[in-house]
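Visitor: Just need the whole structure built from these sequences, with the hints factored in.
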Amino acid sequence: MDRPIPEDAHIKDAVAATVASEEAIKKVCFEHLQPGPFQFTDIFGLAIGKRALGLSSGYRLMVEQANSICALPLVRMQLDTVLRLYAGFFAPDHREFCKHVFGGAQINRMKSFDGVKMTDRFLVEKISLRNPWMSTVYNETSGYVHFSGKHMLSLFNVDGNSNFQVVIGDRDFGKDAQYYIEPTRCIHHLNLLIEFGLRDWFGRMCRLDGRVPDADEFWRSQNDTPSGDAA
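Residue numbers (my numbering): 28 to 258.
Rather than coming from a laboratory, the hints here were simulated on the basis of the structure. It is possible that part of the hints are untrue.
With a straight-line cut-off of 25 Å between C-alpha atoms, the simulated BS3-like cross-links for lysine-lysine are [to be verified]:
#1 K126 / K138
#2 K153 / K138
#3 K126 / K153
#4 K39 / K54
#5 K144 / K126
#6 K202 / K177
#7 K144 / K177
#8 K138 / K177
#9 K144 / K39
#10 K126 / K77
#11 K126 / K53
#12 K39 / K53
Estimated spans, in silico, between C-beta atoms of each pair [said to hold, decoys possible]:
#13 F200 / K126: 16 to 26 Å
#14 P64 / G130: 11 to 21 Å
#15 F174 / T146: 20 to 30 Å
#16 N184 / K126: 44 to 54 Å
Ideal Cβ positions, reconstructed from N, Cα and C, are used throughout, including at glycine.
Guide: Here you go:
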(Lines of atoms letter the chains of each structure in order from A and count residues from 1; the text may use other names and numbers.)
(Lines give C-alpha, C1' and ligand atoms only; values in the text may rest on other atoms or scores of the structure.)
Protein backbone atom coordinates (compact mmCIF):
# COMPACT_ATOMS: atom_id res chain seq x y z
CA MET A 1 0.00 0.00 0.00
CA ASP A 2 1.24 3.51 -0.82
CA ARG A 3 2.12 5.93 1.93
CA PRO A 4 0.09 8.94 3.11
CA ILE A 5 0.83 12.33 1.58
CA PRO A 6 3.38 14.33 3.63
CA GLU A 7 2.24 17.55 5.30
CA ASP A 8 4.53 19.73 3.21
CA ALA A 9 3.34 18.35 -0.14
CA HIS A 10 2.21 20.68 -2.91
CA ILE A 11 -1.49 20.49 -3.72
CA LYS A 12 -0.75 19.37 -7.31
CA ASP A 13 1.24 16.41 -6.02
CA ALA A 14 -1.48 15.63 -3.48
CA VAL A 15 -4.15 15.62 -6.17
CA ALA A 16 -1.99 13.39 -8.38
CA ALA A 17 -1.54 10.96 -5.49
CA THR A 18 -5.30 10.96 -4.93
CA VAL A 19 -5.91 10.09 -8.57
CA ALA A 20 -3.40 7.24 -8.22
CA SER A 21 -5.21 5.98 -5.12
CA GLU A 22 -8.46 5.94 -7.09
CA GLU A 23 -6.80 3.88 -9.81
CA ALA A 24 -5.59 1.43 -7.15
CA ILE A 25 -9.15 0.98 -5.85
CA LYS A 26 -10.40 0.48 -9.39
CA LYS A 27 -7.68 -2.10 -10.05
CA VAL A 28 -8.58 -4.13 -6.95
CA CYS A 29 -12.25 -4.20 -7.98
CA PHE A 30 -11.55 -5.17 -11.60
CA GLU A 31 -9.17 -7.91 -10.52
CA HIS A 32 -11.92 -9.40 -8.37
CA LEU A 33 -14.42 -9.52 -11.23
CA GLN A 34 -14.06 -13.09 -12.43
CA PRO A 35 -16.58 -15.44 -14.08
CA GLY A 36 -18.39 -17.55 -11.52
CA PRO A 37 -20.90 -17.33 -8.67
CA PHE A 38 -21.69 -13.83 -7.41
CA GLN A 39 -22.27 -13.52 -3.68
CA PHE A 40 -23.62 -10.74 -1.47
CA THR A 41 -20.08 -10.33 -0.14
CA ASP A 42 -18.88 -9.59 -3.68
CA ILE A 43 -21.64 -7.04 -4.20
CA PHE A 44 -20.83 -5.38 -0.89
CA GLY A 45 -17.14 -4.98 -1.68
CA LEU A 46 -17.67 -3.78 -5.24
CA ALA A 47 -20.29 -1.27 -4.09
CA ILE A 48 -17.82 0.04 -1.52
CA GLY A 49 -15.31 0.51 -4.33
CA LYS A 50 -17.81 2.27 -6.58
CA ARG A 51 -18.88 4.65 -3.84
CA ALA A 52 -15.27 5.40 -2.91
CA LEU A 53 -14.39 6.25 -6.51
CA GLY A 54 -17.41 8.51 -6.94
CA LEU A 55 -16.75 10.43 -3.74
CA SER A 56 -13.03 10.84 -4.35
CA SER A 57 -13.42 12.07 -7.92
CA GLY A 58 -16.28 14.34 -6.81
CA TYR A 59 -14.04 15.81 -4.14
CA ARG A 60 -11.35 16.59 -6.70
CA LEU A 61 -13.85 18.31 -8.97
CA MET A 62 -15.06 20.49 -6.12
CA VAL A 63 -11.48 21.45 -5.24
CA GLU A 64 -10.96 22.47 -8.86
CA GLN A 65 -14.07 24.63 -8.51
CA ALA A 66 -12.79 26.11 -5.21
CA ASN A 67 -16.01 24.94 -3.55
CA SER A 68 -15.06 23.77 -0.07
CA ILE A 69 -18.70 23.90 1.08
CA CYS A 70 -19.31 20.91 -1.20
CA ALA A 71 -15.83 19.34 -1.07
CA LEU A 72 -15.43 18.96 2.69
CA PRO A 73 -18.62 16.93 3.32
CA LEU A 74 -17.30 14.45 0.75
CA VAL A 75 -14.32 13.78 3.02
CA ARG A 76 -16.76 12.89 5.79
CA MET A 77 -18.72 10.67 3.41
CA GLN A 78 -15.53 8.88 2.37
CA LEU A 79 -14.76 8.29 6.03
CA ASP A 80 -18.23 6.76 6.26
CA THR A 81 -17.27 4.43 3.40
CA VAL A 82 -14.29 3.24 5.45
CA LEU A 83 -16.50 2.68 8.51
CA ARG A 84 -19.04 0.63 6.55
CA LEU A 85 -16.36 -1.48 4.90
CA TYR A 86 -14.75 -2.41 8.19
CA ALA A 87 -18.12 -3.05 9.81
CA GLY A 88 -18.23 -6.10 7.56
CA PHE A 89 -15.08 -7.43 9.22
CA PHE A 90 -16.54 -6.82 12.68
CA ALA A 91 -19.84 -8.62 11.98
CA PRO A 92 -20.30 -12.07 13.57
CA ASP A 93 -21.40 -13.48 10.19
CA HIS A 94 -20.10 -11.37 7.33
CA ARG A 95 -22.20 -13.14 4.71
CA GLU A 96 -25.45 -12.57 6.59
CA PHE A 97 -24.32 -9.01 7.27
CA CYS A 98 -23.93 -8.31 3.53
CA LYS A 99 -27.25 -9.95 2.76
CA HIS A 100 -29.03 -7.79 5.34
CA VAL A 101 -27.33 -4.60 4.13
CA PHE A 102 -28.39 -5.45 0.57
CA GLY A 103 -31.94 -5.86 1.86
CA GLY A 104 -31.94 -2.39 3.41
CA ALA A 105 -30.85 -3.05 7.00
CA GLN A 106 -29.15 -0.15 8.77
CA ILE A 107 -25.62 -1.00 9.84
CA ASN A 108 -25.85 1.16 12.96
CA ARG A 109 -28.57 -1.16 14.24
CA MET A 110 -26.57 -4.31 13.60
CA LYS A 111 -24.24 -5.80 16.20
CA SER A 112 -20.56 -6.63 16.05
CA PHE A 113 -19.09 -9.99 17.00
CA ASP A 114 -18.81 -8.75 20.59
CA GLY A 115 -22.49 -7.83 20.77
CA VAL A 116 -22.18 -4.04 20.45
CA LYS A 117 -24.26 -2.01 17.98
CA MET A 118 -22.06 -0.79 15.15
CA THR A 119 -22.81 2.91 15.46
CA ASP A 120 -20.52 5.47 13.89
CA ARG A 121 -18.96 6.16 17.28
CA PHE A 122 -18.28 2.45 17.87
CA LEU A 123 -16.73 2.02 14.42
CA VAL A 124 -14.62 5.17 14.72
CA GLU A 125 -13.29 4.10 18.11
CA LYS A 126 -12.58 0.59 16.83
CA ILE A 127 -10.67 1.73 13.75
CA SER A 128 -8.95 4.55 15.65
CA LEU A 129 -7.11 1.99 17.73
CA ARG A 130 -4.77 1.60 14.77
CA ASN A 131 -5.51 4.90 13.05
CA PRO A 132 -5.75 7.54 15.81
CA TRP A 133 -6.27 10.38 13.32
CA MET A 134 -9.65 8.93 12.30
CA SER A 135 -11.38 10.26 15.41
CA THR A 136 -10.18 13.81 14.77
CA VAL A 137 -11.19 13.70 11.10
CA TYR A 138 -14.62 12.32 12.04
CA ASN A 139 -15.25 15.10 14.55
CA GLU A 140 -13.94 17.86 12.29
CA THR A 141 -15.71 16.84 9.10
CA SER A 142 -19.07 16.06 10.72
CA GLY A 143 -19.46 19.82 11.19
CA TYR A 144 -19.44 20.24 7.42
CA VAL A 145 -22.25 17.75 6.76
CA HIS A 146 -24.88 19.37 8.98
CA PHE A 147 -25.23 23.14 9.11
CA SER A 148 -22.98 24.37 11.88
CA GLY A 149 -20.74 27.17 13.07
CA LYS A 150 -18.21 26.13 10.42
CA HIS A 151 -20.62 27.31 7.74
CA MET A 152 -21.18 30.58 9.59
CA LEU A 153 -17.42 31.16 9.77
CA SER A 154 -17.08 30.45 6.05
CA LEU A 155 -19.07 33.62 5.43
CA PHE A 156 -16.10 35.76 6.43
CA ASN A 157 -12.74 36.45 4.84
CA VAL A 158 -10.46 37.88 7.54
CA ASP A 159 -7.14 39.62 6.88
CA GLY A 160 -4.20 39.91 9.23
CA ASN A 161 -5.44 43.22 10.66
CA SER A 162 -8.72 41.86 12.03
CA ASN A 163 -10.61 43.36 9.10
CA PHE A 164 -13.09 41.11 7.38
CA GLN A 165 -15.22 40.82 4.30
CA VAL A 166 -18.55 39.05 3.97
CA VAL A 167 -18.35 36.58 1.09
CA ILE A 168 -21.49 35.38 -0.70
CA GLY A 169 -21.11 32.93 -3.57
CA ASP A 170 -20.52 29.34 -4.56
CA ARG A 171 -16.71 29.57 -4.55
CA ASP A 172 -14.14 30.14 -1.85
CA PHE A 173 -12.73 33.64 -1.81
CA GLY A 174 -9.17 34.55 -0.90
CA LYS A 175 -8.01 30.94 -0.56
CA ASP A 176 -4.97 29.70 -2.45
CA ALA A 177 -4.62 26.13 -3.68
CA GLN A 178 -2.68 25.01 -0.58
CA TYR A 179 -5.81 25.70 1.49
CA TYR A 180 -7.06 22.30 0.28
CA ILE A 181 -3.95 20.31 1.16
CA GLU A 182 -5.16 18.96 4.50
CA PRO A 183 -8.57 17.65 3.33
CA THR A 184 -6.84 16.24 0.23
CA ARG A 185 -4.37 14.39 2.46
CA CYS A 186 -7.34 13.04 4.41
CA ILE A 187 -9.30 11.75 1.44
CA HIS A 188 -6.14 10.22 -0.03
CA HIS A 189 -5.40 8.41 3.25
CA LEU A 190 -9.00 7.18 3.40
CA ASN A 191 -8.60 5.88 -0.15
CA LEU A 192 -5.53 3.95 0.95
CA LEU A 193 -7.52 2.34 3.75
CA ILE A 194 -10.30 1.42 1.33
CA GLU A 195 -7.90 -0.06 -1.22
CA PHE A 196 -6.15 -2.13 1.43
CA GLY A 197 -9.45 -3.11 3.05
CA LEU A 198 -10.89 -4.25 -0.26
CA ARG A 199 -7.85 -6.38 -1.00
CA ASP A 200 -8.37 -8.00 2.40
CA TRP A 201 -12.13 -8.29 1.91
CA PHE A 202 -11.99 -9.87 -1.53
CA GLY A 203 -9.15 -12.16 -0.49
CA ARG A 204 -10.56 -13.42 2.79
CA MET A 205 -14.28 -12.68 3.03
CA CYS A 206 -15.53 -13.65 -0.43
CA ARG A 207 -14.48 -17.30 -0.51
CA LEU A 208 -17.16 -19.64 -1.81
CA ASP A 209 -16.53 -22.11 1.02
CA GLY A 210 -17.24 -19.40 3.59
CA ARG A 211 -13.96 -19.97 5.41
CA VAL A 212 -12.23 -16.81 6.60
CA PRO A 213 -8.45 -17.28 6.65
CA ASP A 214 -6.46 -15.64 9.41
CA ALA A 215 -5.25 -12.21 8.26
CA ASP A 216 -1.58 -13.02 8.86
CA GLU A 217 -1.99 -16.30 6.99
CA PHE A 218 -3.61 -14.54 4.04
CA TRP A 219 -1.06 -11.74 3.75
CA ARG A 220 1.85 -14.15 4.04
CA SER A 221 0.38 -16.00 1.08
CA GLN A 222 0.28 -12.70 -0.82
CA ASN A 223 3.95 -12.01 -0.06
CA ASP A 224 2.80 -8.72 1.42
CA THR A 225 2.83 -7.23 4.87
CA PRO A 226 -0.24 -5.36 6.07
CA SER A 227 0.60 -1.86 7.23
CA GLY A 228 -0.39 -0.44 10.58
CA ASP A 229 -3.35 1.18 8.84
CA ALA A 230 -5.27 -2.06 8.43
CA ALA A 231 -8.14 -2.90 10.73
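Visitor: Take the hints in turn and mark each one as holding or not.
Guide: For each hint, the structure was consulted:
In summary, the hint linking K126 to K138 is supported, as the alpha carbons are separated by about 14 Å, within the 25 Å threshold. Annotation: proposed proximity of K153 to K138 holds, straight-line Cα distance about 13 Å (limit 25 Å). Between K126 and K153 the CA atoms are separated by roughly 23 Å; this keeps the pair inside 25 Å, and the hint holds. Pair hint K39 plus K54 holds up; C-alpha atoms about 23 Å apart against a cutoff of 25 Å.
Only pairs whose Cα atoms come within 25 Å are accepted, and K144 paired with K126 is accepted, the gap being roughly 17 Å. Using a Cα cut-off of 25 Å, the hinted pair K202 and K177 holds, with the two alpha carbons roughly 16 Å apart. Proximity of K144 to K177 is assessed by CA-CA distance (about 30 Å); at most 25 Å being required, the pair is judged violated. Distance restraint check for K138 and K177: the Cα-Cα separation of roughly 33 Å exceeds the 25 Å cut-off, and the hinted pair is therefore not satisfied.
The suggested pairing of K144 with K39 is violated, with an alpha-carbon distance near 41 Å, which exceeds 25 Å. Note on K126 and K77: the hinted pairing holds, with a Cα-Cα distance of about 18 Å set against a maximum of 25 Å. Of the supplied pair hints, the one linking K126 and K53 holds, its CA atoms being roughly 23 Å apart against a limit of 25 Å. Restraint check: the Cα-Cα separation between K39 and K53 comes to about 21 Å, which is no more than 25 Å; the hinted pair holds.
Here the CB-CB span from F200 to K126 is close to 49 Å, at odds with the stated 16 to 26 Å. Between P64 and G130 the beta carbons are some 19 Å apart, a value that agrees with the proposed interval 11 to 21 Å. Distance hint for F174 and T146: a CB-CB separation of about 22 Å, consistent with the stated range 20 to 30 Å. At roughly 50 Å, the beta-carbon separation of N184 and K126 lies within the given 44 to 54 Å, and the hint holds.
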